[in-house]
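*Asks:* Quick note, the sequences are listed as chains A and B, same order. All residue numbers for the first sequence refer to my numbering, where the first residue is 67 and numbers rise by one. All residue numbers for the second sequence refer to my numbering, where the first residue is 33 and numbers rise by one.
Derived from the structure by calculation, the hints contain no laboratory data. Here the structure is a predicted model, which means the values were calculated and not measured. C-beta: ideal position from N, C-alpha, C; glycine also. Incorrect hints may have been included.
Straight-line distance between alpha carbons at most 25 Å, and here's what the computed DMTMM-like set of lysine to aspartate or glutamate pairs gives [stated by the list, open to error]: (1) B:74 - A:152; (2) B:100 - A:129; (3) A:83 - A:129; (4) A:77 - A:152; (5) A:83 - A:166; (6) B:33 - A:86; (7) A:144 - A:86; (8) B:74 - A:129; (9) B:100 - A:166.
Estimated spans, in silico, between C-beta atoms of each pair [unchecked claim]: (10) B:77 - A:119: 26 to 34 Å; (11) A:82 - B:72: 42 to 50 Å; (12) B:49 - A:130: 18 to 26 Å; (13) B:104 - A:163: 22 to 30 Å; (14) B:90 - A:107: 39 to 47 Å; (15) A:117 - B:114: 18 to 26 Å; (16) B:86 - A:128: 32 to 40 Å; (17) A:146 - B:102: 27 to 35 Å; (18) A:146 - B:48: 47 to 55 Å; (19) B:39 - A:127: 27 to 35 Å.
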Amino acid sequence: GAGVSQTPSNKVTEKGKYVELRCDPISGHTALYWYRQSLGQGPEFLIYFQGTGAADDSGLPNDRFFAVRPEGSVSTLKIQRTERGDSAVYLCASSFGLADTQYFGPGTRLLVL
Amino acid sequence: KQEVTQIPAALSVPEGENLVLNCSFTDSAIYNLQWFRQDPGKGLTSLLLIQSSQREQTSGRLNASLDKSSGRSTLYIAASQPGDSATYLCAVYGGATNKLIFGTGTLLAVQP
């Protein structure tokens, strides 16, 4: 079956612009997670959804970051007024339920110039 | 605050060798531990998941062990192959936080 997909695969933007990153989880998975990975580091948690609601957004670095999952499937991570420090790989993962194996997408590589 | 450490940061071995990757974590109150593989420029592939009540899990040439009380896990790779070259990440999942906390990974190179 299809795995987790993320679009776009690469995004180059200018400082101050708005970007949206999309994640399509595995069908039937109720839990969806966003992580951010900087070069040479492990992924860092941003936010997770159980169904449609953001159950834990404690990893979002500041209020420029926001994520939604309106119908309990596809999720969008939104970054306002991008800064150069936002440049990283943004990874999405989904799992059948909490504490189950998380399956990761290929990531979106964001570069803010 | 949970912290996950992986040693060594990088490892180069000749093909055919058996090897061990190490992962340690500071808070033993975990629900499970996962080992992942990451190829350059790619996402993460789940290799093994060990529940906190388990001591080990095996998949093919891979064997992962967990000693929760001492905060340690090892990933054993038997008869390594050049195709095993990748970064290996361990991550712990805590029931109270419902998120994975990752180590910084071990970059493995298997020389043909």
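*Asks:* Take the hints in turn and mark each one as holding or not.
*Replies:* Okay, the hints, checked on the actual structure:
Only pairs whose Cα atoms come within 25 Å are accepted, and residue 74 of chain B paired with residue 152 of chain A is accepted, the gap being roughly 19 Å. With a C-alpha separation of about 36 Å, the suggested pairing of residue 100 of chain B with residue 129 of chain A is violated against the 25 Å cut-off. At roughly 15 Å between alpha-carbon atoms, residue 83 of chain A and residue 129 of chain A fall within 25 Å of each other, so this suggested pair holds. The suggested pairing of residue 77 of chain A with residue 152 of chain A holds, with an alpha-carbon distance near 12 Å, which does not exceed 25 Å.
Our distance criterion of 25 Å between C-alpha atoms is broken by residue 83 of chain A and residue 166 of chain A, whose separation comes to about 36 Å. Straight-line distance between C-alpha atoms of residue 33 of chain B and residue 86 of chain A comes to about 31 Å, which puts the hinted pair past the 25 Å bound. Using a Cα cut-off of 25 Å, the hinted pair residue 144 of chain A and residue 86 of chain A holds, with the two alpha carbons roughly 5 Å apart. Among the hinted pairs, residue 74 of chain B with residue 129 of chain A is inconsistent with the structure: their alpha-carbon atoms are about 28 Å apart, more than 25 Å.
Of the supplied pair hints, the one linking residue 100 of chain B and residue 166 of chain A holds, its CA atoms being roughly 18 Å apart against a limit of 25 Å. One distance hint, 26 to 34 Å for the beta-carbon pair residue 77 of chain B and residue 119 of chain A, holds here, with the actual separation near 29 Å. Between residue 82 of chain A and residue 72 of chain B the C-beta distance comes to about 31 Å, which lies outside the given range of 42 to 50 Å. The hint said 18 to 26 Å for the Cβ distance between residue 49 of chain B and residue 130 of chain A, and at roughly 47 Å that hint is violated.
Between residue 104 of chain B and residue 163 of chain A the beta carbon distance is about 27 Å. The supplied range of 22 to 30 Å therefore holds. At roughly 29 Å, the beta carbons of residue 90 of chain B and residue 107 of chain A sit outside the given window of 39 to 47 Å. Against the hinted window of 18 to 26 Å, the Cβ-Cβ separation of residue 117 of chain A and residue 114 of chain B comes to about 43 Å, which falls outside the hint. Separation of residue 86 of chain B from residue 128 of chain A is about 39 Å and conforms to the stated range, judged on CB atoms against 32 to 40 Å.
At about 44 Å, the CB distance of residue 146 of chain A to residue 102 of chain B disagrees with the hint of 27 to 35 Å. The beta-carbon spacing between residue 146 of chain A and residue 48 of chain B, approximately 52 Å, falls within the hinted interval of 47 to 55 Å. Checked against the hint of 27 to 35 Å, the pair residue 39 of chain B and residue 127 of chain A passes, with Cβ atoms roughly 28 Å apart.
Comparing the model with each earlier hint shows violations of hints 2, 5, 6, 8, 11, 12, 14, 15, 17; every other hint is respected.
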